[in-house]
Amino acid sequence: MAENEFKFEILFGLWPRPVVDKSNLDDAGKSKASDGTGTKSSFDPKLRYAVIFTCQGKFEEIIIYDELRKQLEHVSLALFKELIRRFAWRKIDWRKLFLAGAVMSIAGIILPTFLLAYHRNSRFESPNGTMHLSKNLTEARLDKSQLVTSAPFVSLNSSIEAKESARVLRMRQNRRKTIDVLKVVHPPPRRSVPRHLQRYLQSLSSHEALLYAKREIEHAPLVENVGNDSYLYAPVFRNISIFKRSYELMEMILKVYIYRDGKKPIFHQPRLNGIYASEGWFMKLMEANREFVTKEPEKAHLFYLPYSSRQLELALYVRNSHNLRPLSKFLRDYVNMIASKYPFWNRTHGSDHFLVACHDWGPFITTEHVELKDNAIKALCNADLKENFAAGKDVSLPETAIRIASKPLRNIGGGIRVSQRPILAFFAGKMHGRVRPKLLKHWLNKDADMRIYGPLSRRVSKNMSYVRHMKSSKYCICPMGYEVNSPRIVESIYYECVPVIIADNFVLPLSEVLEWKAFSVTVAEIDIPKLKEILLAIPLKRYLQMLMNVKMVQKHFLWNPNPMRYDLFHMILHSIWYNRLNQIQIPQS
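Each residue of the sequence shown is one higher than the one before, counting from 1 in our numbering.
No lab work stands behind these hints, which were simulated from the structure alone. Heads up, some of the hints might be wrong.
What the hints assert, rightly or not - Label pairs and their calculated CB-CB ranges:
#  : residue 1 : residue 2 : range
1  : Y212      : D447      : 15 to 25 Å
2  : S457      : P529      : 35 to 45 Å
3  : V460      : Y482      : 18 to 28 Å
4  : Q545      : P422      : 43 to 53 Å
5  : F98       : V460      : 53 to 63 Å
6  : V184      : Q545      : 23 to 33 Å
7  : D333      : A391      : 53 to 63 Å
8  : H74       : S457      : 15 to 25 Å
9  : Y212      : V460      : 51 to 61 Å
10 : R434      : A537      : 49 to 59 Å
11 : D447      : Y482      : 19 to 29 Å
12 : P235      : F80       : 51 to 61 Å
13 : E218      : F330      : 14 to 24 Å
Claimed, not checked - Result set (BS3-like, lysine-lysine): computed pairs, CA atoms no more than 25 Å apart in a straight line:
#  : residue 1 : residue 2
14 : K341      : K299
15 : K329      : K263
16 : K430      : K530
17 : K214      : K393
18 : K299      : K393
19 : K517      : K244
20 : K462      : K430
21 : K255      : K299
22 : K96       : K81
23 : K214      : K299
24 : K295      : K329
25 : K551      : K407
26 : K393      : K407
27 : K284      : K263
28 : K264      : K329
29 : K295      : K255
30 : K373      : K438
31 : K264      : K295
32 : K517      : K446
33 : K329      : K255
Positions of the beta carbon are idealized from the N, C-alpha and C atoms, including for glycine.
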């Protein structure tokens with residue numbers, strides 16, 4: 001038998017079957033060939049299979065084409081017949097016998113692997129992209145750039161390429177129908193509260209409960225051993241001990257009363273898509289909440305004014321009039337009605353009331369009512385220190401652009417490996433505000449590493465979509481628009497790209513608790529000409545840590561349809577709770 005007849009390669013796994021040339025046999029069945037085997041050294045193309053091992057220090061997944069399963073018995077039978085024939089003629093080549101046994105052993109390992117479902121995440125890196133394998137291989141999904149077009153793994157023979165397995169075909173057919181769905185990691189359950197502490201907290205008035213919470217936070221125990229294995233990742237927080245204690249107390253104590261006054265669509269009708277979706281999602285989840293919401297206003301620690309600044313604009317603003325006074329007067333009259341109908345506003349002059357507004361006009365439409373402007377807690381996307389935003393009292397609201405309301409987690413995650421990111425910095429968007437024209441003036445078509453565009457053209461997006469640009473970039477430029485806020489900041493976190501924020505006087509979202517220096521870069525507007533120099537000066541080690549922190553902080557910016565602990569709904573509510581506690585003065589006694 002020819003020496004290469006039992007050749008086996010790890011990558012391509014060529015398993016040939018000996019082909020008997022009947023014209024070379026005599027009447028007795030013996031071969032006329034010199035070695036008397038009656039076989040001819042050749043490879044049967046139908047028996048070429050691919051076994052792909054994806055290794056990152058250990059086997060993570062084995063992909064076996066269906067052709068292997070169908071033909072495996074034929075391979076085994078051919079090997080077994082050859083073994084018996086060798087024994088019959090007493091011409092035993094022990095090396096080939098050992099190799100045949102090894103092949104059979106590998107087949108015995110691979111076949112059960114194919115039949116069993118895998119329940120772990122794995123990733124197969126190819127030169128053209130990344131294939132994510134989730135709970136089961138049948139749920140595999142591919143990104144748009146993940147078709148394996150170069151160096152096909154199936155075979156060296158084109159006939160096998162035409163007979164790709166049904167599994168691969170199904171994956172390719174479903175690629176356009178499916179979307180990237182983030183694998184949600186559930187937080188740990190909340191700690192149970194001892195009954196004696198529950199009774200004590202229930203015996204306190206709303207103000208006394210806030211005093212108790214503030215004292216407890218000031219003496220928060222030190223949180224130790226908070227590392228990669230913990231759900232809360234300490235490097236992305238300003239003080240993990242204070243945040244953890246404050247969050248636990250919020251879960252134990254906080255009750256919110258929602259005013260039912262006000263007619264739709266301005267009140268109680270959230271808009272869940274677009275760049276102002278944050279206010280709508282918060283309203284939707286707050287009104288559906290049963291953990292924090294109370295129907296007894298006497299027991300409430302906070303009072304929610306459930307209006308939508310976007311709906312207010314659509315209902316009352318006269319297009320191109322540039323007159324916001326009708327909107328401000330409407331909100332002023334609503335607050336006056338609340339104050340005259342209920343005793344709670346006048347009790348604190350509005351300091352325990354809050355609103356959530358993501359429209360750029362959010363700060364301006366509160367100016368007609370003095371107590372609303374100066375005392376109430378405003379969660380605003382337009383968190384500009386120069387425009388009616390009080391740091392420490394008001395909350396910087398993350399601006400999230402939700403394209404499909406029914407799929408708020410669409411396309412999140414999936415940033416490619418750093419070594420495969422060809423773009424240093426990326427921006428594409430409309431030219432409005434004072435910063436973006438400066439950015440294009442200095443960087444449009446000036447440097448191949450700096451992909452700075454205006455609105456992304458069809459010619460560019462046809463080759464690489466906006467989302468794919470962000471996932472393929474090391475840094476994503478987030479310049480302010482008309483106002484200081486930008487949805488690109490949260491988009492960068494969603495798509496695992498380090499955000500570069502260019503907006504002077506901007507109070508960064510949730511900055512009461514998050515340490516933005518750990519996962520972003522802030523560049524002054526005056527330093528736009530030195531942007532590339534600033535980014536290249538960041539050491540690789542620091543960049544990798546920032547990228548890791550972006551991935552770890554991502555879960556705190558997600559709108560989960562069913563809210564979970566520490567997600568964006570709870571983080572916004574916590575910042576409102578935390579800033580309310582900042583206004584409480586502890587008596588000296």
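The hints, checked one at a time:
no. : hint                    : in the structure
1   : Y212 / D447: 15 to 25 Å : 57 Å, violated
2   : S457 / P529: 35 to 45 Å : 25 Å, violated
3   : V460 / Y482: 18 to 28 Å : 24 Å, holds
4   : Q545 / P422: 43 to 53 Å : 22 Å, violated
5   : F98 / V460: 53 to 63 Å  : 57 Å, holds
6   : V184 / Q545: 23 to 33 Å : 24 Å, holds
7   : D333 / A391: 53 to 63 Å : 29 Å, violated
8   : H74 / S457: 15 to 25 Å  : 54 Å, violated
9   : Y212 / V460: 51 to 61 Å : 57 Å, holds
10  : R434 / A537: 49 to 59 Å : 25 Å, violated
11  : D447 / Y482: 19 to 29 Å : 27 Å, holds
12  : P235 / F80: 51 to 61 Å  : 60 Å, holds
13  : E218 / F330: 14 to 24 Å : 40 Å, violated
14  : K341 / K299             : 18 Å, holds
15  : K329 / K263             : 16 Å, holds
16  : K430 / K530             : 22 Å, holds
17  : K214 / K393             : 15 Å, holds
18  : K299 / K393             : 22 Å, holds
19  : K517 / K244             : 20 Å, holds
20  : K462 / K430             : 18 Å, holds
21  : K255 / K299             : 7 Å, holds
22  : K96 / K81               : 14 Å, holds
23  : K214 / K299             : 18 Å, holds
24  : K295 / K329             : 28 Å, violated
25  : K551 / K407             : 20 Å, holds
26  : K393 / K407             : 33 Å, violated
27  : K284 / K263             : 15 Å, holds
28  : K264 / K329             : 18 Å, holds
29  : K295 / K255             : 9 Å, holds
30  : K373 / K438             : 33 Å, violated
31  : K264 / K295             : 20 Å, holds
32  : K517 / K446             : 28 Å, violated
33  : K329 / K255             : 29 Å, violated
In summary, the structure is inconsistent with hints 1, 2, 4, 7, 8, 10, 13, 24, 26, 30, 32 and 33 from the numbered list given earlier, while agreeing with the others.
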